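**Q** In the order they appear, the protein sequences are chains V and X. With this note's numbering as the guide, the letters of the first sequence map in order to residues 1 to 300. With this note's numbering as the guide, the letters of the second sequence map in order to residues 301 to 761.
Each hint should be verified, as a subset may be incorrect.
Said to hold, decoys possible - Cut-off 27 Å, straight-line C-alpha distance, at most; resulting in silico cross-link-like pairs (BS3-like, lysine-lysine):
1. V:LYS90 to X:LYS385
2. X:LYS510 to V:LYS287
3. V:LYS287 to V:LYS148
4. X:LYS731 to X:LYS429
These aren't lab readings, by the way, just hints derived from the structure by calculation. These figures come from a predicted structure and were not determined experimentally.
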Amino acid sequence: MEYFVQQLVNGLTLGSIYGLIAIGYTMVYGIIGMINFAHGDIFMLGGFAALITFLVLTSVFVGLPVVLLLLVMMVAAMLTASLWNWTIEKMAYRPLRGSFRLAPLITAIGMSIALSNFIQVTQGPRNKPIPPLVSSVYNVFGIAISLKQIIIMLLTAILLTTFWYIVNKTALGRAQRATEQDRKMAALLGIDVDRTISVTFVMGASLAAVAGTMYLMYYGVTVFTDGFIPGVKAFTAAVLGGIGSLPGAVLGGMLIGLIESLWSAYFTIDYKDVATFSILAIVLIFKPSGILGRPEVEKV
Amino acid sequence: MSNISHSPESAGGNLTARALREGIFAGIVALGLFVLFVGLETTQNIRNELVLNQRWGLLAIFVAVAAVGRFLTVAYIRPWMDARKAAAKAPAEADESFFKRNFSKIAIVALLIYPPLMVMLFGVQGSLKWVDNFGIQILIYVMLAWGLNIVVGLAGLLDLGYVAFYAVGAYSYALLSQYFGLSFWILLPLAGILAAFWGMILGFPVLRLKGDYLAIVTLAFGEIIRLVLINWTEVTRGTFGVSGIPKASVFGIWSFDVSAPNNFAKAFSLPMSSAYYKIFLFYLILALALLTAYVTIRLRRMPIGRAWEALREDEIACRSLGINTVTTKLTAFSIGAMFGGFAGSFFAVRQGFVSPESFVFLESAIILAIVVLGGMGSLVGIAVAAVVMVGGTELLREMTFLKAIFGPDFTPELYRMLIFGLAMVIVMVWKPRGFVGSREPTAFLKERKAVSGSFTKEGHG
Chain V
1 MEYFVQQLVN GLTLGSIYGL IAIGYTMVYG IIGMINFAHG DIFMLGGFAA
51 LITFLVLTSV FVGLPVVLLL LVMMVAAMLT ASLWNWTIEK MAYRPLRGSF
101 RLAPLITAIG MSIALSNFIQ VTQGPRNKPI PPLVSSVYNV FGIAISLKQI
151 IIMLLTAILL TTFWYIVNKT ALGRAQRATE QDRKMAALLG IDVDRTISVT
201 FVMGASLAAV AGTMYLMYYG VTVFTDGFIP GVKAFTAAVL GGIGSLPGAV
251 LGGMLIGLIE SLWSAYFTID YKDVATFSIL AIVLIFKPSG ILGRPEVEKV
Chain X
301 MSNISHSPES AGGNLTARAL REGIFAGIVA LGLFVLFVGL ETTQNIRNEL
351 VLNQRWGLLA IFVAVAAVGR FLTVAYIRPW MDARKAAAKA PAEADESFFK
401 RNFSKIAIVA LLIYPPLMVM LFGVQGSLKW VDNFGIQILI YVMLAWGLNI
451 VVGLAGLLDL GYVAFYAVGA YSYALLSQYF GLSFWILLPL AGILAAFWGM
501 ILGFPVLRLK GDYLAIVTLA FGEIIRLVLI NWTEVTRGTF GVSGIPKASV
551 FGIWSFDVSA PNNFAKAFSL PMSSAYYKIF LFYLILALAL LTAYVTIRLR
601 RMPIGRAWEA LREDEIACRS LGINTVTTKL TAFSIGAMFG GFAGSFFAVR
651 QGFVSPESFV FLESAIILAI VVLGGMGSLV GIAVAAVVMV GGTELLREMT
701 FLKAIFGPDF TPELYRMLIF GLAMVIVMVW KPRGFVGSRE PTAFLKERKA
751 VSGSFTKEGH G
């Protein structure tokens with residue numbers, strides 16, 4: 001039982017990270033109906049920005065408190081990743097808006113290849129390890145919960161509440177939802193559609209950057225190829241939860257995280273990704289638009 | 301016209317000021333983008349700790365390029381492009397040139413004489429690189445893209461895991477020839493059938509899915525196949541891959557094994573060289589690719605091909621006209637997969653070695669990119685896209701003269717995929733409808749006319 005709960009905690013931590021990335025996918029998909037394949041690499045970019053900021057901070061200010069260190073890393077990563085996603089949207093996706101559906105998908109795949117290779121070229125292909133930032137572990141009823149896990153889950157909860165508030169209660173969120181439903185009508189009603197879409201990309205990127213920072217803190221290592229697998233898993237999470245739905249993305253992320261850690265714990269670790277993808281296929285057979293997704297009604 | 305064409309002289313000062321402003325802005329953005337990644341480099345020191353290297357000079361170059369580039373674009377290039385576009389509005393290309401009309405015939409003849417030409421130009425040994433790296437490599441992608449075109453271009457079903465069928469074909473040949481000693485000519489059709497069978501297996505669960513749900517499940521399917529190949533070590537030998545795959549023979553008449561009595565070079569008393577095998581493989585993949593094209597062209601005129609295109613245009617209308625969408629989708633998946641399987645077994649025979657490394661998602665993405673960049677559904681466009689994208693990146697390996705410019709440490713190899721990714725973006729933004737923007741309909745009223753590619757839909761699936 002304790003083992004099970006332990007795996008549950010591990011799975012939820014991993015799921016939090018996937019959930020944070022998945023929100024970026026689902027928001028972009030919701031608003032312009034495009035799979036942003038480069039999002040996984042934005043996550044990786046965020047991780048690298050955090051890593052480099054960490055190295056700068058530790059070499060310039062020795063003995064900075066860890067809280068401050070993490071906070072600055074996170075903010076730097078958020079700013080950098082947001083700027084990248086903003087630029088990418090402007091250069092690679094906006095010219096193709098209104099073009100056919102596959103065109104932005106191809107530029108997104110191209111951007112994803114370019115981003116990971118850009119990091120490989122500028123930062124080198126090797127693994128980048130950092131010393132552990134937070135190492136305390138608490139023992140709660142026989143279950144070891146590390147401070148890292150608590151930080152990740154707490155941060156995810158805070159960010160989710162904030163984003164839920166932004167999307168559902170503010171003018172910006174209203175503009176986003178309006179653009180999502182009917183872009184032309186939203187524009188007619190005076191919403192700056194281009195700006196709203198840009199903001200969506202920036203929001204998605206900053207969440208991915210937080211996820212990247214957390215990933216770096218949790219595993220203590222990053223490498224230029226790190227964008228792909230978590231990216232695909234997060235996208236799977238977004239689809240599993242019902243793409244376009246914010247709670248769905250988080251739910252999907254948690255589910256994927258749980259499946260992964262429980263499968264690795266009770267069966268073989270080799271086939272954990274096979275299990276994840278198979279469960280995705282099975283869920284979609286019975287619920288073709290995801291768990292919380294609204295079924296698409298086609299009007300003729 | 302006169303009232304809308306403001307002269308550049310009067311707007312000149314205004315334009316320059318705007319260009320300057322935008323240039324500075326671009327510079328600031330570039331500074332933000334690159335300050336961490338280009339300005340600083342993380343390297344390991346002797347104690348294996350990460351340390352930072354400072355590269356402010358390089359960062360300055362990046363920022364300057366962005367700022368100046370933006371300034372020039374706004375101030376000069378864009379007005380010039382607009383002027384050219386306005387001038388080109390006049391009716392152009394009344395008659396297509398002879399070359400354009402007979403492009404595919406000329407291309408096929410050129411491909412047929414390509415290997416002998418290379419042998420003549422570079423000698424038997426020197427032709428190896430040109431036939432193998434450029435010829436065979438590009439033709440494999442042409443064939444794969446033509447195969448995927450059936451699924452994506454004709455039936456309008458977005459498949460992000462096409463490489464799975466390529467893998468099934470390659471491993472079918474590799475494993476069956478290793479364990480059962482069967483020859484290439486038996487296994488080639490068998491690999492196709494097996495891949496088609498896997499195409500059906502993928503097809504069933506995704507029948508109800510649409511659009512991006514379909515995309516992610518196909519992607520997942522591709523990953524599942526790859527992960528099984530990695531982890532099922534007893535059969536596939538995992539990441540080590542299967543090596544020592546036997547070579548193909550010319551229908552069993554001549555062999556390319558050095559020790560065999562009916563060796564090709566011995567039979568014709570030629571000097572020993574691996575170039576003959578490569579030339580044979582070149583013609584083999586050419587034949588396979590042309591078979592794919594031929595089947596695609598013929599199928600488009602048959603009820604099943606028409607059903608695919610109808611499915612792409614409008615699934616509901618298609619269903620209400622009594623077309624069975626289940627069989628239509630399944631045949632599209634399985635026939636597309638079959639050609640992937642053929643290409644896979646060819647790949648195995650060419651490399652003599654297969655490992656899961658060759659079947660990553662990137663390959664699927666490249667194939668899909670070729671299909672879309674070529675203008676979905678257009679065979680000639682896809683071939684052109686394959687030549688540009690694959691040939692272009694292969695060419696980068698050859699650019700040793702760049703070493704003279706950027707110093708001896710410069711390896712163009714490293715930048716290959718970076719440039720490939722950026723090229724995908726640039727070509728797509730420049731030509732969203734692909735290289736060939738017109739389609740030849742198979743059903744027409746009285747007169748056959750090419751229509752613009754923007755009239756064809758891309759499907760919902």
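**Q** Please go over all the hints and tell whether each is borne out by the structure.
**A** Hint by hint, here is what the structure shows:
1. V:LYS90 to X:LYS385: OK: LYS90 of chain V and LYS385 of chain X at ~23 Å, within 27 Å.
2. X:LYS510 to V:LYS287: OK: LYS510 of chain X and LYS287 of chain V at ~12 Å, within 27 Å.
3. V:LYS287 to V:LYS148: 35 Å, violated
4. X:LYS731 to X:LYS429: Judged against 27 Å, a Cα distance of about 31 Å means the pair is violated.
Hint compliance for this structure: hints 3 and 4 are broken, all remaining hints hold.
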